[in-house]
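Just need the whole structure built from these sequences, with the hints factored in.
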Amino acid sequence: MDSKFGDIFRMKRYSVFAVAREAARYHTGWQRAWASPEPKKKYDVIIVGAGGHGLATAFYLGKNFGITNVAIIEKGWLGGGNTGRNTTIIRSNYLQDPSAALYEKSRSLYETMSQDLNYNVMFSPRGVMMLAQTEHEVRGYLRTAHANALQGVATRFIDPAEVKKLVPIINIHGPRYPVLGALWQPRGGTARHDAVAWGYARACSDMGMHVIQQTEVTAVRKEGNRVVGVDTTRGPIDCDKLGIVVAGHSGVMAERAGFRLPIESAPLQALVSEPIKPCMDVVVMANTVHGYMSQSDKGEMVIGGGTDSYNAYTQRGSFHHIEETVRALVETFPMISRLKMLRQWGGIVDMTGDRSPILSKTPVEGVFVNCGWGTGGFKATPGSGWAMAELMAKGHSPLTEEFSMFRFREGKFIDESVAAGVAH
Amino acid sequence: MLTLHCPYCGVHADETELASGGEAHLKRFGPGASDEDFEGYLFMRENPKGVHFERWRHAYGCGKWFLAARCTNTLEVFGTYPAQSTEPPQHVRDAISAKRPGWTWREFS
Ligand SMILES: Cc1cc2nc3c(=O)[nH]c(=O)nc-3n(C[C@H](O)[C@H](O)[C@H](O)COP(=O)(O)OP(=O)(O)OC[C@H]3O[C@@H](n4cnc5c(N)ncnc54)[C@H](O)[C@@H]3O)c2cc1C
Ligand SMILES: [Zn+2]
Chain P
0 MDSKFGDIFR MKRYSVFAVA REAARYHTGW QRAWASPEPK KKYDVIIVGA
50 GGHGLATAFY LGKNFGITNV AIIEKGWLGG GNTGRNTTII RSNYLQDPSA
100 ALYEKSRSLY ETMSQDLNYN VMFSPRGVMM LAQTEHEVRG YLRTAHANAL
150 QGVATRFIDP AEVKKLVPII NIHGPRYPVL GALWQPRGGT ARHDAVAWGY
200 ARACSDMGMH VIQQTEVTAV RKEGNRVVGV DTTRGPIDCD KLGIVVAGHS
250 GVMAERAGFR LPIESAPLQA LVSEPIKPCM DVVVMANTVH GYMSQSDKGE
300 MVIGGGTDSY NAYTQRGSFH HIEETVRALV ETFPMISRLK MLRQWGGIVD
350 MTGDRSPILS KTPVEGVFVN CGWGTGGFKA TPGSGWAMAE LMAKGHSPLT
400 EEFSMFRFRE GKFIDESVAA GVAH
Chain V
0 MLTLHCPYCG VHADETELAS GGEAHLKRFG PGASDEDFEG YLFMRENPKG
50 VHFERWRHAY GCGKWFLAAR CTNTLEVFGT YPAQSTEPPQ HVRDAISAKR
100 PGWTWREFS
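Heads up: the protein sequence lines correspond to chains P and V, in order.
Position 298 of the first sequence, counted from 1, bears residue number 297 in numbering that gives the first Met the number 0, the numbering being contiguous throughout.
Position 106 of the second sequence, counted from 1, bears residue number 105 in numbering that gives the first Met the number 0, the numbering being contiguous throughout.
Hints in this document: simulated from the structure, not taken from any laboratory.
A hint or two may mislead.
[Said to hold, decoys possible] Here are the in silico distance ranges between beta carbons for each label pair:
#1 V:GLU75 with P:TRP76: 24 to 34 Å
#2 P:TRP76 with V:GLY62: 55 to 65 Å
#3 V:ARG105 with P:SER308: 19 to 29 Å
#4 V:ALA18 with P:ARG337: 27 to 37 Å
Please read all numbers here as calculations on a predicted model, not as lab measurements.
Backbone N, C-alpha and C define an ideal beta-carbon position, used for all residues, glycine too.
Next up, the structure:
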């Protein structure tokens, strides 16, 4: 990759030799991973929001389309939104064909992301298991397994004995919700969320793009119905094209651009326990009792909770959801009843009516929007960026066609309320 | 925890006692409406970071629907009022103006 910063900022590759070299000189030679430049007067493309999706969009604009005069503007710090707050589950076992195409593209990009970015994102395809704990769920997941077979997504329905073999700590004979089977995706898993944002930021910076943090986009400037730039807390910046990729704040940004979105924002929570010895090496989701759990490399049990039922922008969520989540999980995983919980946090998720995302042109010329990933967009980060970059560069993309913001008017929903099941 | 005052039975109810019912003061469109009006009614919700009006039900209390004015950013409650109201009553608007001068929400201010 060509660097536009000159020699000082040309990114040296991370490798085992680099570690050895730096070890020999007391680690004095490591470079900053990305630059913190002053904003220019004008860019070809401005992306609002340096979460995973915004950064991935910029990355693929450069890598796939050679567009590198790009700024990614972030009001806080990069990856500080939902990207740094999620429970990092990656899977692609959705029901509808357009979703399967997008999520499976994304999952497959995770397989080589560490090599592609020269940054260890710790992708761990440890397997994702979605428990069936009612007859309806069994039928639903059998249907999904068949749909996945037709879509070329490798999943299968497994019986309770296999569930128990894969997850010895599970209680399959729970009194209220016995485990009747599970939808199993062996190449699903987790990745390090911060590293995904950092890896993309480093690669974008290396291509000469500007990652501008601590700068809020406060208004969208238009001439007629065409975008010409934005106002920010550090002054106006011009652009030819604008990508709005701000997750929970999509409604706020759309208003600033002068259109409406079929989105509502609410807090979603997660929590982690104290670290314990390795006890579960797959991801388990229990949609009926509403909880999901995996074990981090540090040994903490990472637990996803519920979404508040009302609109809010407080990044914490209501406390009673924690009690409900943990109460439900204790029934299926009795051993966690003795665990102390260490911390809890929340992120603002952007929910659409059909629980599918929006990757779309907007009523304003030159403005594109990528949002509506709601409770489950971390898994989609690379695929979303890939598709959004194509949409912004060419004006259309086979991956985004069905995900237009205008689909609601036409009744062309991509209904994933079953596959999305719980917040994940 | 969010606490709302039920305007019917007078109870200060915790959110676990309540069921949220989404945006208040919706104008309903049906057969014969334009595509845009129908889409707006079904899908385009107000999603403000700030003053918001909502429907709530005192589900584990008197069971009745009421309306609430609330800030989605601070969770401050400005007031609650009966579900039969077609627009926010003056005392609720005044309570909002005292804390959020210049507020607007759809056609209300
Ligand atoms: C608790 C929790 C658990 C989750 N678990 C999972 C999971 O297990 N698996 C999964 O796939 N997904 C999960 N998700 C969902 C996932 O986190 C999100 O869908 C995804 O990270 C969204 O990425 P993003 O880049 O679009 O948004 P974000 O990372 O939120 O980035 C948007 C950025 O835009 C910035 N911004 C907003 N407004 C402005 C402005 N005006 N100017 C400049 N910048 C602005 C914000 O500061 C933010 O950094 C979870 C979410 C939460 C909250
Ligand atoms: Zn009551």
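Enumerated hints in conflict with the structure, sorted upward: Number 2 - this is the single hint that the structure violates.
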